[in-house]
Structure formats: structure tokens, C-alpha cells
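S.K.: With chain A held as given, fit chain B onto it using these hints.
Each protein sequence line maps, in turn, to chains A and B. First residue of the first sequence: 1, per our numbering; consecutive thereafter. First residue of the second sequence: 1, per our numbering; consecutive thereafter.
It should be emphasised that the hints constitute simulated quantities derived from the structure, not laboratory data. Careful, some of the hints might be misleading.
As the list claims (entries may be wrong) - The calculated label-pair distances, taken between Cβ atoms and stated as ranges, are:
#1 A/H54 <-> B/A46: 14 to 22 Å
#2 A/P173 <-> B/A46: 20 to 28 Å
#3 A/E25 <-> B/K314: 40 to 48 Å
#4 A/E174 <-> B/T242: 51 to 59 Å
#5 A/A149 <-> B/S606: 44 to 52 Å
#6 A/C21 <-> B/K109: 25 to 33 Å
#7 A/A149 <-> B/H128: 41 to 49 Å
#8 B/K28 <-> A/L38: 33 to 41 Å
#9 B/K118 <-> A/L38: 45 to 53 Å
We put the CB at the ideal spot given by N, CA and C, even for glycine.
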Amino acid sequence: MAWNIVRALTAWRESQQSMKCPWEERDYLVLDIETSGLDAKQDQIVSVGWVCIHHGVIELDSARHIVLENADIGHSVGIHMITDADVLEHGKKQQSVLRYLRHLLRHRILVMHHAPLELSFLKQVWQTEKLPSFSIRWLDTLAIERAKAARSQQPIQEGGFRLGACRERYGLPEYQGHDALTDALATAELLLAQIAYQGKECRLHDLNQMGGGRVTLSTR
Amino acid sequence: MAAIDIPEVHKFIETIPPFASLSLAERKQMLTGVSMLYVRQGQTLALKDEAATVHLIRRGACEIRTPKGGLVDQIADGECFGVSSVLAQNPDGLQVVAMEDSLVYRFEKIHFIEMLKKNDAFGLFFEHTQHHRLRKLSRSQSNELATPALQLSTPVANIMTRQLVLASPEESVQTIAIRMTEARVSSILVVENERLLGIVTDRDLRSRILALGGSSSALVRDTMTADPVSLLPTALVMQAQTLMSESNIHHLPIVDEDQHAVGMLTAADLLRHQELSPLLLINQIHRQQSISRLAQVCKQWPTLIINLIVTDMKPADVGNVLATISDNLTRRVIELALEQVGPAPMDFQFMVFGSQARRDQSLGSDQDNGLMLEREPTTEESTYFAALSECICQGLAQCGIRLCPGNIMASNPEWRRTQSGWQQAFSNWVKSSAPSALLHASIFFDIRCVYGNNEPVDQLIKGLQLEISKNSVFLATLTRSALVTKPPLGFFRHFLLESSGEHKNQLDLKHQGLALINDLARLYGLSCRTYRAGTLGRIEQAIREKLISVDTGRNLIDAWDSLNGLRLEAQSRHWQATGSASAYLDPKALSPLERKHLKSTFGIISDVQDVAQQRFLRGYS
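Same shape as in the complex, but just chain A (with noise of 0.2 Å):
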């Protein structure tokens, strides 16, 4: 017992040191999800896209775009454009995706735009899946971007936080798709553009405290 509140302070302190150093010292995943519907009891997981981030700059080799396999996709294909033979083609089992992805996620920090969304659906398929719960920390582009709208005074419109929205004010590219893998990419690079607009030492301490936290994915 007492061996285990040790291991557990000395694991929250080496977190929190690592929270202190620069921002591209650690690894990132940026996910998108694709889903049939918005909430995460009833709709299911369609596909999923993301890529890394390592010693700060996005490794396009990483990139991975999976359909799930078995996926009820009937009446959400005007969302994605995803189709029967997508699945049927590139269709995977989700419990193998998501061992994947929890395999990924151990040494990265997870990446999302609207993190609320994402993470209900991940919560509620590590339950319905029975995988062996873990930690792991995460940031919301959008969060940070509302955190420096509210810093710097500026309102911003309506649908302003928009993933394309943000990323205008960034003078990224549009892009035309929107698939997982399209919005992971482009995610990323909002998160790039978002860094280096926080100035030379952004530590992911900073970043954590304007949009980002810490989650236990678990099967209670």
C-alpha cells in the first residue's frame, strides 16, 4: 500500500517535470474521429485518422487513416463520404485499432480539436471494448484558441472556433476534404501555428494550462 503511494507520487512528479520542459521535447498524437452521430452511447466509431509529432515538426510517415470495420455508417455518409466499400476494404476491427492506438498514446500526448466530443466517444468504447485502462495526458486546439481569444480580448464570431475558422486566422491552407486523416493533419498544424505564436519557450505546462488535461481511460 504505502510502496504504491510512492510509486504514485514519484510517477506525478516526473510528470510534472516533465510538463516543464520545452514543448517539442515530448511526443504528440493528433486524432480525429469520425462518428454516425454526436453522442457517444448510442453512435458509433466510423474511422479514425492521426498523426505524430516528434522534435516538433508533423512526420507525414505517421499518418494513418483506418475505417472500422462493422461500422453502421447508414445514414451519416453525407458527413464524411465514407462508403460500405470503404469498410469493406479498409474496414479493421476496433478493439485491434484502439490496442493500436492505446500502444501509440503510452509515450504521446493526445491531440484533439474539440477534445469533450473525442474523449466521450473514447471513454465510452474503452467500456464497451473491456481494454485495460490507462492515463494519458491531452490537449484541445480549440481550447487553447478560446483561452487566447479570451487572453487577448477578442471576440471572436460565431463558428470562429471552427477547426477551418481557426486555422485561417493561422494562414494555413484551406483543405478541401474532410476526412479523419484531413482533420488530424490539419489539426497538427493548428497546433504548430498555435506554439509558435506562444513565442520561443513554450513549455507544455503552458499549453496544458490553456487548454489540455489529464484522463483515465477505464472499463468502470
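M.R.: Okay, now just chain B, sitting in the frame of chain A:
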């Protein structure tokens, strides 16, 4: 690592030369190991370590600079940098500075090198890019050496004013105030037996006379600052600058060893010296009260032009800046001539022709101009205009715009006409197809009004367009003459160059290249509904009016731009070396790739000549 399959990345890369020419498999190979970075505006990327590789700008703009800050190139979306760091380990220590926030793809060096070996077109493209930058690099380095030497270590004698405004100590302050106003100066030197005794400035008159309710008959001796701070003419600009700022003065008398006043240096002189800008030159032009002073100011002109060229301004912009300066100069010369000869007995327009009208003057351009008179002059009025024109043309010549060897100048009575007189002349040239008429057409049909109400000139141009539109024979004749000279395409095979005289074995960029494009542009321009005087304007107008296809037109514009760039460069090189501006190019000075490029430029001219022949000569040849 798996090959990258991100649609947005492929969609971008496949539109960008030279990646567009790669096969899908090759492109995928190139994309292996690519990373993306975001560079903040103003941030510098040193091309070393992991950054010593090729980068492609996805979105944004960057400058490539030497370690000392000299500009080598400016690039934007879809352009690459870092090529030299791969090919030659970046021997020049080039840096990349983001001018805008930029999103950049960074390629993996090994894949890039592999592709260079594998795909010839790909390799050639980058070789060309790199060569182009090396050329700019050598220019920006010589430029770096020249600039500081020009500034602070110059002796003050080079920039001081030698025309001194002097006073004697026994004069009244009112007398000298009048003299200062007339001379437009803000200070006056007080001398006795030629020796400097003191100085009186505007500020002294204000604070020592006006503010104290002093009398206008007060003596200079009692008002001046005695024994003012002064410098020898051999002192350096840097010393003058330091002295003036330490003693908080704006006027510095320059004296020789015997205390004789020889010059005056003001804070404004220093400022002018430091930055030679087109705006400042125009400003100075308008302030000069005599043609000889104006000529003095215009001595800076060649230096200014060379500065514009070495700072890599676009040729069309160089032309526009020079046209603005020469227009202002022409107007000022006319104003001064009017002061000298007296007011004109009637309205008149001063028109410019040829290169000034087209806005593509360069170093050593000569004048082509004429007058349009409101009505037929009496004998007396004729004499007046003869004197006025003589005064203007000589004045321009003194200011560095050479007299026209063909005597196409307002000083020639032939080129002082009423509106209908000009119309008559134009009409005769259009109707006649004699060689002399065509020669005149090629000069006079590029026309712009720079002084006076331009309405009559516009009417003249309208009449000309109308006349030409009714006369397809004239266009055919003009076409034939535009096609007489062919671009020296054979040049590269057997060096078919000017075969005699000083420029033996050299290529005449002006007459064998640019003039051909000017002729073609004039041909198309004159058959447009809307008149334009400039070559690029004419080609653009012809594209707009669909007389020429967009592709052909744009190619011709590119050809003009690149020839003009070469010409300006050649001229500024000659000017710096010999003091004369020759547009001859020694082919040995070109690399094989530049020769190839020049050859394709001449190819474009030749193609457009064929197109023009089809359009204007069908049924006539």
C-alpha cells in the same frame, strides 16, 4: 516506413513543378520521411543539421539571405529552398527568413538525392534554380561590399554644398533674411576677408531678434554665433554626423586650413546622402531653382538606377520608377524654361515618344519629344516656342537625358505642330508605306503627354486608332517591318553576333531582342480598341481584347521581362566599369543553362512573329 497517402499532400505536390512531372510511385518515394513545420514570420531557419535539406513552401513566403543579410531570393507557395545545402553543403551559409507565417514541407535528403539521379528533368530543374540563385548571390555579395563604403567613410567634400550664401558682419539682419529667403536656405555664413567669422541660422533670427522684439536693422555681427563649430573638407561623413549630433546643430560650415569658408553641410544633406531614394530625388528635382542646379541633382540618377537594379526590383517596376522621375524632371525643366523665356502666348502640350512614353527607359536613354500648340503660331510666337523648346531640350540634356541623334525633339520646328498638324503627320504615315514613314510610326506611335492638358493628345491618339482600324494595309506593312528582324536564334549554334566594331561577338539585347517585342506589342496595341503606350500594357490589352491568346501573350510578357532584366543587368555592369551604358551581352558570361533560357526566350519571340504574320498578313503576303 509506409508510403504517405494523405490526399491533401498529394493534391498539392502534383501541381508543383518539378514534382508534377514525377510518376505516382516516384512522388510517393519522394514523400517518404517528409515532415512539416510551421515557421513564424521573422523567424530564421539556418540550413544546417536536420534542416540541411530541401524544403517546399506549402503556404507562406520566405526570403533567402546571406549571413550578412544580403537578399538572394524571395519565394512563396510552391517554391523550394535548401537545394544548395543538399547539393553543396550550403557553402555560402545561406539562411531562410520567413516573411509571412509559413507552413513548410521538409524532404528527406536521401530521397531527394536519389530522385535527382533518377529523373533528369527533376535534376535539371533544381540545377537551374540553384544556378539562378548563385548568380543573385554573387550580385548581393558585391552589393554588400559597396554599400557601407559609400556611406560613412566618404569625405564631406563629396556631399557638402559649395554654392555658399554669405553675409558680411556689418549688414542688417533684414538684408540677410531677404537673401536667405531668396536662396531658400536656412543658414548664412558670415565672412570677413573670406575668413569664417560666424553663422546665422533661421533659429538665431527667431530667438535672438523676433522673440526679443529686436530691430530688423540689428547688425549681423551682434546676432551671429561667433566661431561656430566647423570641419575640414577632408573630414569624413561619419565625423560630421557625430559632431552635429554631439553639438546639437543642423548646420556645419566647412572651412579649409586658412579658415576660408568652402562649403556648408546640413542635416538634410546628410540624410540625402544616406538614402538615395526615388522619392527624395523627385523631391529635390522640384526644389531646384535653376537648370544648372537641377543638373547637379541629376548626377545621382545613374547611381539610383544601379541601386534599383542591384536591389532586384522587377524590370517593369524599374521602368515605372524611372519614367516617374523623368516625367517630373521634364516638368520641372519646362517650368524653369518658362521662367527663363517668359510665359507662353498660348496653351501647349509637351509630348514624349519612344522609350519614355513606353516607360522602359534605362541608363543612357535619349530624348524623343515634341510640342502640340493650341493654334497656328504667328512668326513672333514661333520664335518664342523655338527659344522655349531649345531651352527645354538643352536643359534635359544637361540633366542627363541625351539629345536625340535623330533630332526628334521639340527643338526641331518639324515637331512643333498644332493638333491638326500632328493628325496630318500621323495620317500621312499611316497612308504611306515608305520606310521612313514606318520608322516614324515606330517612334511617334508610342506617345504620352507629360505637360499641359492631355485632352488634345488623347484626341490625337483616338484619331490615330480610328485611322489605323480603317487601314488594314498599314497594319500589314507595319507587320512586315516588325518581322524583318528575326531573333538571333542561330546565335547559340554559330554565334551569329554583331560582326563588326567594338561589340564584335556580343549580343545586342536591345536591338536584337527587346525592340522586336516592342514592335510586336505596338502592332497588337494599335489594333486594340483601347490605346496603351507601354509594351506590357499593350500585350495585356491585346489579351483582354482577345487579339492574342492568353498563353502566347503571357509567354511574350515573360520574354520581355527576362530580356529586360538581362539588359538592365548588363547596362549597370557596363556603367560601373566604363561609365557608358551598353546593352551588349557577352555570351561567355552566361552559363549553359542561362543560354538555354535565353534561347527559349528568343524562341518565344520567333513564335509570336509567326502568329502575327498569320493574323495581320493573311492575304497580303
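S.K.: Report the numbers of all earlier hints that the structure fails to satisfy, in ascending order.
M.R.: 5
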